[in-house]
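Residue numbers (our numbering), protein chains in the order written: chain A, 47 to 641; chain B, 770 to 1162.
What the hints contain is simulated information worked out from the structure, not anything from laboratory work.
The reader is advised that the hints may include incorrect statements.
To be verified - Covered stretches of chain A (chain B as the covering partner; in silico rule of three or more C-beta atoms under 8 Å from a C-beta of chain B):
1. 94 to 104
2. 131 to 143
3. 213 to 221
All residues carry an ideal CB built from backbone N, CA and C; glycine is no exception.
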Amino acid sequence: MNKVNLVIDHIEVSVAQGLNILEAAKQLKIRIPTLCYHEDLCVAGNCRVCVVEQVGSDRLLPACATPVAEGMEILTNSLKVRNARKSVIDLLVSEHRAECTRCYKNGECELQSLSSEYLIGEDTYIDLVPLKNYSIDYFSPSIIKDDSKCIRCQRCVRTCDYLQDIGALTVAHKGKDMKISSFFEKPMYEVVCTNCGQCVNRCPTGALIERNYIDEVWTAINDPKKHLVVQTAPAVRIALGEVLGMKPGNIVTGKMVAALRRLGFDSVLDTDFTADLTIIEEGNELLKRLKGALVDNNPDVNLPMTTSCSPGWIKYVEHMYPEYLPNVSTAKSPQQMFGALVKTYYAKKVKIDPENIVSVSIMPCTAKKYEANRPEMQASGYRDVDLVLTTREFARMIKQAGINFEALENEEFDSFMGTSSGAAVIFGASGGVMEAALRTAYEIVTGKEVPFDGLNITPVRGMEEVKEATIKIENTLPDWSFLEGVELKTCVTHSLANAKKVMDSVKKGEAQYHFIEVMACPGGCLGGGGQPIPTNLEIRRERSKAIYQEDAGKPIRKSHENPEVVKLYDEFLKEPLGNKSHELLHTSYVRRNRY
Amino acid sequence: MSKKNLKRLDLIFKNEYDGEHILMKTMEKPNQEIVNELIISGLKGRGGAGYPTGLKWKLASEAAGDIKYVICNADEGEPGTFKDREILTQVPHKVLIGMAVCAKVIGAHEGFIYLRGEYKFLMDSLLEVIDDFHVLMNKVGLDFRVKIFKGSGAYICGEESALFESMEGHRGEPRNKPPYPTQAGYRNMPTVINNVETLAHTYSIFKYGSEKFRDLGVQDSRGSKVFSVSGDTPIPGIYELEFGMSLQKFVEDFGDGDSKAVQVGGASGFCVPRKRFDKTMIGYQGKLTGVSLPTGGSMMIFNSSRSMYNVLHNYLEFFVEESCGQCTPCRVGTQQLLLGIEAVKKGQRPSDYLDKLLSLAENMRVTSKCGLGQSVANSFSSIVENFKEEMIY
């Protein structure tokens, strides 16, 4: 690769051609402050915070948007640079409702830390906020959008456009009226927004935040009449530590359980349990569809089947590919299966009136808040999941309670509905549902384990945009002989821009899959919209490593071997896809508009 | 009454129809020779930025790529300029011939006129001229077609990269540079984008030769220039003058005898007070020309009855509206400048707040993403520094 020689802050450096000044400075461990720049997104060069001086040039250059050139002499901290940078930060503060002590992002706001760094003081520009007619959109159960905090960096717009290819958020108007808006300036709740929360993960200020339910949970915990049941998603335990002072990639399952008990939850259970259950239901659904298509030649059977765990994906299909809704597995997501069981099976078992059960879930996700709020999700006769917290909200509660998280002793989940297999654990990573489903489905059909070393179906793992794996089914059991020799074609993708690519190739008939796993967020749930901020590829890789490490260490690695799941079918559900399952564990979808 | 110091020229608006002849002549010449002719002529971009036209064509001709474009920037939006409208009304064929020669040089088969939305009344007549032009193209055997793209009224779309974005169907927002249009312009293909007047001048150069053009004007500012003269003048209108004149002579010719200041180059240009008229040249900044101010053509004359506070206020209101809003210094800076001078005038901020605003304007100049934000400081600083009393009292 061609190298370019340049000098940054009087230090000579040789870097690869095509890098920008920001990246070149990074190699010298020189930090140039940024706001609109984000590693996951294309370069915008909007905020002008990262300007640097090129010796001999009058105008300053945006470090993020300027490629390195031979012989460049760059100053990142000259007087001219500092003055300009301070002026830019000062301008941003002047159009931002700087009510920091009342702000949800207080202490986690990038504008706040920059203004602290550059000592933005009293002697400043005119406060523009009172002159503007800023609005707050708090109609969505997932995301709150407060225009008065927005600094127009367009990270959210680029996230929605390039990462997710949705375009729910867009730039409207120009000049002083320029703002981030939606189709016809409708609330987020009414437009094509999938509630994935990726914009929330990347917003540098408090303009886009999750709708938090922390007070509601505390109120429920302190209500003596209420029995609090909590479930935790697989991706929470490998990221929670990041908000509590630990490095990415730490598995904190035991401490997490201990913290939940300290917070006052009566029963600390695991979404992983219903992840295993999901595999049984969804796996059997896939086999049923395959039988319908291959044996019965039933034209009403829809293949490829897609997964249904990701509520962002569900809403995306409802908006963008409604003609493919019959292809989406009818199995509810693990969160909602759990909710439906808590107020039926669990309630009966512990002899508590479901009326008095408050079912809380801790999720890496903002779309789960919307999902719990869907009218379909009341199979138990009550709202199946009452309150959904993100990993971030949960961490905030731990801090509020004064718990020294790192010092906690590991504890075990309660039983019943607290046991899980390694297959459930990997639900948190892109490819995990596919791998878990294959581990089980292959064994149902052949009576043997999937032909991969140590059950690790590596082709579906990792951060590649679209992953494909074909498994040839051989030596089937008598009931499944129709699958003998069939090559099961699977596809795994994550982030909705990639999902669009896959769906378009399915639509055009270019790709012939039987089963597709889609997660709305990059890397799967581990990169979810409710996960700790910041996020980038490196952090997501660390989280992914932790997930597969947890799987490898589990005594049970296959969903159908989870003894609690086996018992659940014996005692309550009777059989996969049976009446009880149909009533509690499966759902239906709604066609929505494309805007 | 007005004097006639300055040489009035009639190169651009002269009725000549030698397109076919010019094209036949240039078709035979190697591209290098055509580019050299332009470079020797000293022609610089007449939109105001003054980039050497020959060099621009050369870079685009050398750029790799099978698909290239020629675009005529007719989004004449700078306050106080209306000369491109006149050129497109009277001699549109000259502009098209310029585009055709450029297409031949760089190897483009498609060209566009980006027509300012408010000039839509020119559409029908332009389309007729383009039809004739296409007949001529067939005749001379040049595979080149021109279409009109109508703008929608945003000032920022006159900025070349915002213009490309607009043509591609996106929001009219300037891009990061580099890459420049000659490398990656419209649809990210090598593109020559020239002002209407620049292209019309190439017609004269190819007809009369580069020496004739070069003989006019002064060092660094060669040829003639079309000016849009407005404001406090008894004879507003469009004038083609020899480039590189002193502002003093200009005011003697066009002023009403009571000229207090001239705004050279529109809202994004500079304001020159009376005491500097004789020291100011109109033309591109060069080593030998001293204090010279470029202009896209806008010359606004103000007499002593005008409040320069009002003038500046008007410009700033314009920028506050017309900033695309993308980058911080321009979006917020323009608002702060406007509110800032209002606050000083009302006594809500001390008069030395103007110094903070001047340094803000300077920061906007060095940090803004495109020419719009970078040039707000031109009018702001030149008016505030020269007419400080009028800002305060």
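_Verdict on chain B covering the stretch 131 to 143 of chain A, where coverage means 3 or more residues with a C-beta closer than 8 Å_ = holds (count 6)
*Can the stretch 94 to 104 of chain A be counted as covered by chain B under the rule of three residues or more with Cβ-Cβ separation shorter than 8 Å?*
holds (count 4)
*Do three or more residues from the stretch 213 to 221 of chain A put their C-beta atoms closer than 8 Å to C-beta atoms of chain B?*
holds (count 4)
Comparing the model with each earlier hint shows no violations; every hint is respected.
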